[in-house]
Structure formats: C-alpha cells, structure tokens
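S.K.: Could you put the whole structure together from the sequences, leaning on the hints where they help?
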Amino acid sequence: MVKDQNTVCFRTMHLKEKVRHTLDSYLSVGGYGQWKRVLNERPDPATLIEELKLSALRGRGGAGFPTGLKWSFMPRSAPGQKYIVCNSDEGEPGTCKDRDILRWNPHQLIEGMAIAGYCIGATVGYNYIRGEFYEPIARFDEALGEAYAAGLLGRDLLGSGVDFDLYTHLGAGAYICGEETALLESIEGKKGQPRFKPPFPAQAGLYGQPTTINNTESLASVPVILEKGGQWFLDQGRPNNGGPKLFSVTGHVNAPNNFEVPLGTPFWELLEMAGGVKDGKALKAVIPGGSSVPVVPGNIMMNTDMDYDSIAKAGSMLGSGAVIVIAEGTCMVRVLANLAHFYAHESCGQCTPCREGTGWLSRVLHRILHGHGRPSDLDLLDNVAGRIGGRTICALGDAAAMPVQSFLQHYRHEFEHLIEHGRPMEQAA
Amino acid sequence: MSDKITIEIDGRTCEAAPGEMIITVADREGISIPRFCYHEKLSIAANCRMCLVEAEQGGRPFPKPVPACATPVGDGMKVQTRSRKALDAQRGTMEFLLINHPLDCPICDQGGECELQDVSMGYGEDVSRFTERKRVVKDEDLGPLIATEMTRCIHCTRCVRFGAEIAGVRELGATGRGEDMRIGTFVAHTVAHELSGNIIDLCPVGALTSKPYRFTARAWELTAEPSIAPHDAVGSNIQLHVRNGRVMRVHPRDNEAINETWISDRDRFSYEGLNAASRLTAPMIKGDSGWAETDWQSVLHWVADGLQRVVADSGADQLGWLMAPGSTLEELYLGQKLLRGLGGRNIDSRLRQQDFSGDAADPALPWLGLPIADLEQQRAVLLIGSDIRQEQPLLAHRLRKAALAGAMVGLVNPYRVELTHPSRQLPAAPGRLAAELAAIAKAAGAGGRSSLKGLIATADSGDVHAEIAAALKQAGADGNGLVLLGALAEASPDFGLLKALAYQIADATGCRIGFLPPAANSTGAAFAGALPHRLPGARAVDVPGLDALAQLTEPRKAYVLWGIDPAHDLIDPARAVAALAGADLVVACTAFRTPSLEAVADVLLPISAFAETSGTFVNAAGDWQRFQGAVAPPGDARPGWKLLRVLGNMLELTGFEYASARDIHDALAAQCADRAPDNTPRAEYPVGTTAEAADGTLMRVGNVPIYAVDALVRAAPALQRTPLSAPLHLQLHPADAEALGLQDGDQVEVAQGPARACMPVHVSDDLARGGGRIPAAVPGSGQLGAQIGPIRVAKVSGENDQ
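One line per chain: the protein sequences are A and B, in this order.
Counted the way UniProt numbering counts, the first sequence spans residues 1 to 429.
Counted the way UniProt numbering counts, the second sequence spans residues 1 to 802.
Hints are computed from structural coordinates only; laboratory data are not their basis.
Do not rely on the hints blindly, as some may be mistaken.
[Claimed, not checked] Okay, derived cross-link-like pairs now, BS3-like style, lysine-lysine, Cα gap no bigger than 30 Å in a straight line: (1) B:LYS85 <-> B:LYS134; (2) A:LYS197 <-> B:LYS64; (3) B:LYS138 <-> A:LYS191.
M.R.: Pasting the structure below:
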C-alpha cells in the first residue's frame, strides 16, 4: 500500500472521529503553530510566498495554477481593502474532498486562510461553502467560533497588530458559482455569472478590491508547507507536482473514498485502495479529474501515474482529483448524456455558445440514447462541442465540450451502434 | 501624439490609444466586426461572443479567438477579423443564436431593421442543423410603451445594462440559468423610467419593440426626416419616421453635444398626439348656434377686422398676446412683429411665471450657462426648484453622470425628487425655499445688500447647507460649479428673490449660474422678442408691456392665444379663464380643440403642430436648430408662420413678405448676429417679502408632470397610460395630513381663492411640511388657481356614506 498517506490536509484523520475536527485535536497535531509564528515574528510575506513557490503547490480546485505565484500577483502594499476568498463551493461531479476537509480538519483551513491573508495583505476572508454541505457548514462555523474564542481570529491578534476576520458565505446551489469570479458575484449578492477577465481578481475582485481566491485544499495545505518546508512538500510528490493530493475515488469501485496520497502515485494503487473495480469487473474507462476533463480508456489509465504531468500525457487533466471509475459493461452514451445534461443545467446562460450549445448537445444525446439518433448526429455533436470550447468567458464551455469530444474519440463505436440498432451496445453495469 | 500605438487589423495599419478595445479601433477604421452585446454607451459584457476575432501580440497568437469588444489593444498587435478561425467562431456564435430564435422574420415587428437578421445574412447558414424543439418564453408586461416578445430575446443584456448604468434604475434583470435565462422585471413591474424607451432601440432583435408603433408599418416603408424634439429645452435630435404623410414613430439621431444617442420617452411617444381626435382641422367661428366651421379667407378677414376694431376703439394696449414657449422661433418672431406692428406691446411667452419683479434685472438672454455636454464635468451643482428628471430628462441624465463621477448634486425644492444618484436634498415648502437658499448663501459666506443681507444674516445654516456650500466653493474655485434654477423656481411667487439668492450663492462660491428653460423655445423667445420687455435680438424695450400674468390680472379687451390651452398652459388657469371669458375678442391659434378654448375663444384657427411645420428651436444651451416639416398638417390646418404672414398682409403691416420659414429665420438671425446667451444680470434684483402661507393654509406645489407639459403630450394616449401620468391628487406631508385629520385616500375639496376642485389625498413625506402638491396641467387642475399659491383643504364628508 501507499506510504505517506494523510500527511497534509488529512493529518487529523488518525484521531477519533468524534473529536478530530475540534480545536484541541488540531492543536494536538501542531495546529496553529504557523499562524502563531507569523503573528509573533511578523516575517516578510515575500519569504512565505517563496516557500510556497518552492513547494510547487498547484491549485487544487482543478486549474492547477501555482498557488505561490498567484499570491505574488496581489498588490500587497497598495492601499485599500483586500480579500482572501476560499472556494469551498465544491460542485464538480465526482469531487467530495473539500467537504471532508471542512468536516474533519476545518481549523487547518482557517489557519491557511489567515496565513494567506497575511501574505497578500488581506484582513478579511470569506469562505464560500456549497449550500448543500449542511454538516460541513456547521463544522466550519463551529471551528470559526472556537478560533475567535481562542483569539486566533479577530483584531490585533496576540498583540501583533495583525487583524484577520473570516466569514462563512453559503452558495445557493449553482455549479457555476464554483468559478471564481461567479463566486465573487455571488458573494456580492448578484446573479452568479463569471466575469470577463481582465481585470483579474488580483486587480479588481470582490467589491472591486484586490482579491485572491484559492481552493479549500490549497489553503489547507499551507500550514503544513510552512511547518515542514517547501522542499519537504515538493519531495512528497514529483518535480513540478509538489505534495500529496486528495483524490475522491468514486464510480464503479468497491470502497469509494477520499485518499490523500503523494502526487505520482500510480493509478492502479489508488484503484486498489478503493477496493478495486466493483463486482470484480474489468476497468473500462476513467474520468481522472472531475467530470469536466476528457475520459481516458482503462488500459491507458492503468499505466498512468496520478500527477498533473502524467495525466496530461495520457490526454486528460488531473483537475480536482475526482477519479470517476467506469466498469466494463457501462453504456458510454448514457454516461455522456448524463454529463451533458449536467452542463446544460448548470450553464449560467450569459455566453451564447454555452447557453445555447450545452442544451443542444444534451438534447441530441438524449435523442440518441432513446433510439432516435441519426448517423449525422455524431459529427454534429463533435462540431457543436468544438464551437463551444474556447469561445466562452469561463471554462464551463470547455468543460461541457471536452467530455463530448473525448467520448466520441474513444467510444464512437458505441454511439454508432446505438444509432444503428436503437439500443445500447452495453447494457447498464 | 506620442501616446499613440500602432496595430494591424486585417492587414491595415491603424493608430490606436493604449487600452482601447479592438472593436473601437475597428469601428473607427470602418472595419466591420459583427456584435450584439457591445454598445459604445454601455459597459462591456462580452457575453454574446459574436465579435470573436483572431489576434496575436508580439508574434505570439492568442490561443483562443478573443472578443474584440473586450480585448485591449497592445502595440504591434495583429488582428484578423475575417480569418478562417475568426469566421468559424463568428459563424458558430451565429448558429447558436439562431437555434432557439424564431425564424419567422416576416411576422416580427423588427423584421427589416433587425441586427440579428442583418448579421445572419453575413454569418448564418441557409439551413439550420438544429432539429430539436425551440425555446418558448413567456412575455413580460412592461407597460404601455414597450411591447415584449421574449422568445426572440438573444440575452445580450443591453436593456439590463441600460437600466443599471444609464437610467439608474434596475428595471430589468436576468433570472434563471443556461437556456432558462430570462430577461424580465423580477416582480412584474411596469418599466416607468423616463428614458426607458431607449431599450427599444438598444434591443438588437424583436424582443423589445414599441407598443404604440408595432405592426403598423415596415422599416422599409418609412422615410426618416430629421427633426428636433419639441418638449423640453434639450433640443434632442430626432428623426421622424414617416409613411403616407403620417408620423409613424420617432427615433433618436446621434448628437454627442446634445442628446448623445438617447431620447426621452416624451420625445419618442408624443407623436401619437399628432393624430388625436382633438386635432383642430378647420378654422372655426363661434356663432349664436355654437361653433361652426368656416374658411380661411373669411375667418382671417374677421380676425383682422376684429383686431383693428379693438385697436381703433380701445387702443393697441388693449391687446393681450400670449404665445406658447414651444412655438417655433419664426412664429414667435412674427407674432411679436404683428402685435408690435399694430402698436401693441403686451406679449409674453413665460406662461408659467407669476413673479416678474426681476424683469429689469434679468439677463437679456438667460440660458443654461454652459454647453449641455459640460454638465457632466461639473463637480458641484445646486438645483433650485426643479424636478429635473421630469422637466428635462436628458439634462438629468448628464447630471447623473456628473454625480456618479463624484459631483455633489444639491437640491432645494418643495419636495424630495427621486434622483438615481447620490444627492443632498433640502425639501422646503415654497415659502421656505428662500430661507434654505439664504442658509446656503450664509454658509458660503455671501453678504448681499439691503434686505437680502438681513435674510442671509439671519438664516439658520445646518450641516447640509454647509456641505453644499463647501462643495460649491471647491468646485467654483476649479471652474466647474453650477447653480441651476428650474421650473418650480420659475413658478414661485418668490422667483425674483430666489434669483437674487441664486446669484448671491453663485457669486460667493465662484459658481456659474444657469436657467433650465421650461420649453423647447423659451430661449428662442428671448431672441425673437416674444417678451414684454424685449425686442428681437433681446434688445430692451423703452416701455415694457404687460407680462403674462398682468395681462390676466388687468384684463384686456382682446387676446390672441398661440398654442395655448388656458386650462393647462397658464400659471393660473382659473384667473385666465375668467379674464378671457370677459374679453370682447379671443383669437385662438391652436393645433388642438380643448374645452377651455371652446369656452373662451371666438375663433379657433388651426395651426400645424410639431412635425408639420419648418422652424427653429433654440435650446437651453443657445443652439439654434432648424428643422423641416415632415408631414402636412391635418385638414385645413396651416403652418403658423404662414397664418401670421397672411394676417400681417391683411392688416397691411410692413415686413410680412416672407416666402419661407427660412426667410423669417434669416431675418431674425441677422438681428441676433451679435447676441449670445449670457447670464450676467443687468441690475440688482429687487428683494420683496417672501410668500409665506397664512395660518390655516398650505402652499400649493403645482408641478407640471412630465407627460402634461404641452398639448401634444397630453394628447398622446400611451404616455397618458404610464405610471408617471397620475390623475389629479393632493399630496400632503404626514404631519400636515394629521393636523387636518386626513388619511391616505380621503377625498378633499381644495379651495384656491374662489376656485375649487375635489381630489383624493396621498400622504407622503417626500413633500416638505406646509406644502400641498397638486399637479398642474392634468385633467381637473384647470379649475384651480396659481401653480404655487395658498390653498385651503377641507375633507369632503358623506362620500363614504353612499
């Protein structure tokens, strides 16, 4: 089995389930040590950001942008309010890792956000949590209360003159609000629609002020990186792919779960940790990084390691680390129709290609699935997807297009079969 | 021009300013890039994705096609608007826009002038690949002006952004996601902003169309005739869309210096009044058996004889002559020429003024004080007695821009005005307006002379006064502060005092002073000499004639009314009707028959309305704007200048040999060549006592609602159905209502001297204490007295028992 599990975001997992989310538990693993050090020593934020850059921590929300670099974009010493925003609007189908950070280790996220605030010059933070996360929201709020009571949040912390206030903000069920600028709009009380960039949030973000938005897992990794050093974190993974990463392994596996393992862990080991393919079936395909990334056939996946660069080589993306396992016997048309319906439902509606195109894709796939497909539909799907991808303000258009193109690339024969015979080649798994 | 950079679009080298968007440069160069959401007056949304182009910077191509509307240019950037990649992106967007759009242009009102239709000719396919069911969207009811067919909406959000950014009221918004995204009002609210009709022009498709116009004509059947809007002193540039001699609709013409690309709803929809049943279409004479139609020849002889008889029997001083300030410059000029040719001198066009004590001190050619566009650059503006959104919608829009850029806008007015930007408002009853101004003057350190000095010295300055004064001083020092007097100041019995104080404030703060002329040609009337104390070219008169009010308080034997409905267009309708009814001869030259005219006039002479005559308007900023008649007047109606010319000939007056309106214009222009508007007062304003309300009375605040301002607007049915056209009512401050034992909805009888009218009560703390707001120029208001003056209010009992 994989060594070095649960070393960063899940470092409280070995504690008793009932208490592992509490302040005491977190303190027992050395929690808040870095925040206290920052408050006492007031280090130059640039040195902290350098440590982060050394760690090669890449954004865990899906885009994989280097976190340290992102922080360095902030005009730290410019006058005016600045904000740190945590994106806990975990809505990518298959992804459930941030939920477990909120549930089991909320204080580490708080500490990470506080340190981030210090590094970028923000005295106010918002944690935007997916509205359906009832239990995680309660856990996070409870942790916020504990942190304020312990004097770790608020004004003039530990007499350092440093202020940091942190607020919870709840989403209302829109997937698109996980897109960072739509998330900002939502906090501002507006309709959740991504903003055109530039200006980037580091220039004009929340309420028009410089803002950094990071994923929950990224921020929760920060305290450990500072504690153990950027080099240590980098060594956990591979060059350019620093640290361990949470993987949500779901789909046709016997023991779906979240696993924190080093980047670079072979896929087959991860699959084993999840108990192998359900009912002993063969592996058909894997969507390795959340529903928005291209599907990879099982045989390729079995020879691929779980890190950003290796998966890119396999023709897909690590994304949010949601590994959706698909067993032999699954109708890929049905899988794609399901995904297409999701994106049509979640498109915000502002950009023409996505608003109109996602619905079109979904309708055509629905028609094919129900035996009313036409041979010309497959080229149509591929072409329509191509006209959505890369032509919208945010990446949802790409996310809707990529599965269509990759499914058609790898499983075109299944679509053709269904169109020709009016019934799926594979019955439901 | 060292800050210019060079870019290349489609192989053409273009100069650009850093930070400009690609589309701006391309538009300037005449390179067309298709677009739907982009509009140069609105914020960039970049959501329609129609303007996607291929670009490279520093030899490195952008990985994806970029929106030309939202991509700033950089030095050396190369843009391809028609490369294979760019065209594929544009065609892709076009296909997406069309899949759910009804392709039934022949039954769409926008057909033939639709941006989607036009662009689809260049970027659409012959046959759709879309075989699924199309989206159907429920329509919104946006009120009487704007029709909706939301199934046609392409979600460009121009209308939404217009509300948020230009109007300042978010009347429309988007709800729902993806395909279910809808543009609507959230809560089924009528779109009521005074500029909202502009969203009809903004909408690139047939989703938002003009309710009065739609399905009455096709774009290609219309000829566009340039004209000037007649309802306010902006002089908005418009085009009249004409078919078969009928104005079918009104659209704006771009003029950055005046109306930018907008027009008010009043200017857009008032054309409906041209075809009202109340139009006068033949000369009419009152006989023993009532009104009878007659012919021009005999009626003009009758009028000429009548006027000559009055002059011969009683002297020309027994002639009263009142002209609407919305008349053309040519009419105003000929009108005064005719009267003065007969030896008369009692002419006025300031019909809503009652205090003329400042006439001797008034500047010769009062005006806005600055070009309209410069309003935006002001850093502090003090408005005195003005409901500016209703009086001059587009000037209000300019002020809003100034306010959003940080300017202080202060308002001393009898009621709180719902401005769509931050403002400092000091609502005060009409009798208290002077005290509020004195308080600002005091805070600004103004001195003043004689009784004004005492008024300012004893004024009670508070924080708001000090704030306004400080902002005015600061702006005044930088040369961008302004004090503006509006229509409610003009109607005040203290107008002279308010002007005196306004000049004191302007002097003390270094601000400019300006007047908001009430009508399209109020400024022109001063040029034309249609005033008792001014000759053409605004030259002084040796012996001034009677002003508009004096002509009624000292009744004349004969009157000529030009474009006036006595019950609605004069400051004191009750007094006006009484004076006119007692006259021997009343000649009414009018485009509309109205009950009050029929009651008092002896002859009705049909003159052309707006759009039916050529002429000139001089706007608030002193711009002379000529226009041509676009349609013939109905029936036997004739352009006013022709009537006056013929009458002048019949009266054997010299100088009435004009062959065209142009000749008249040129004749006047020659006399005005050395005349420019100037707000320098000619003397010190005399200061009288303020018109405080006596015990037990309230001061009426008779504002003229936006859609009651002249006969044409009052005859336009769609405008009369909007929420801004409220029926006659009395608005009271809650404390006054309580003191009178009145509640919202109670019926009251309002007495103004001998005049009486019944109306319901609306209680609102927008109104200052001591005021009673009763709109003027609305149905029923003609029975009342002065727009601003004391009223007594009594509850009508027994109403509820029935």
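S.K.: Provide an ascending list of the numbers of those earlier hints which the structure does not satisfy.
M.R.: The structure breaks none of the hints.
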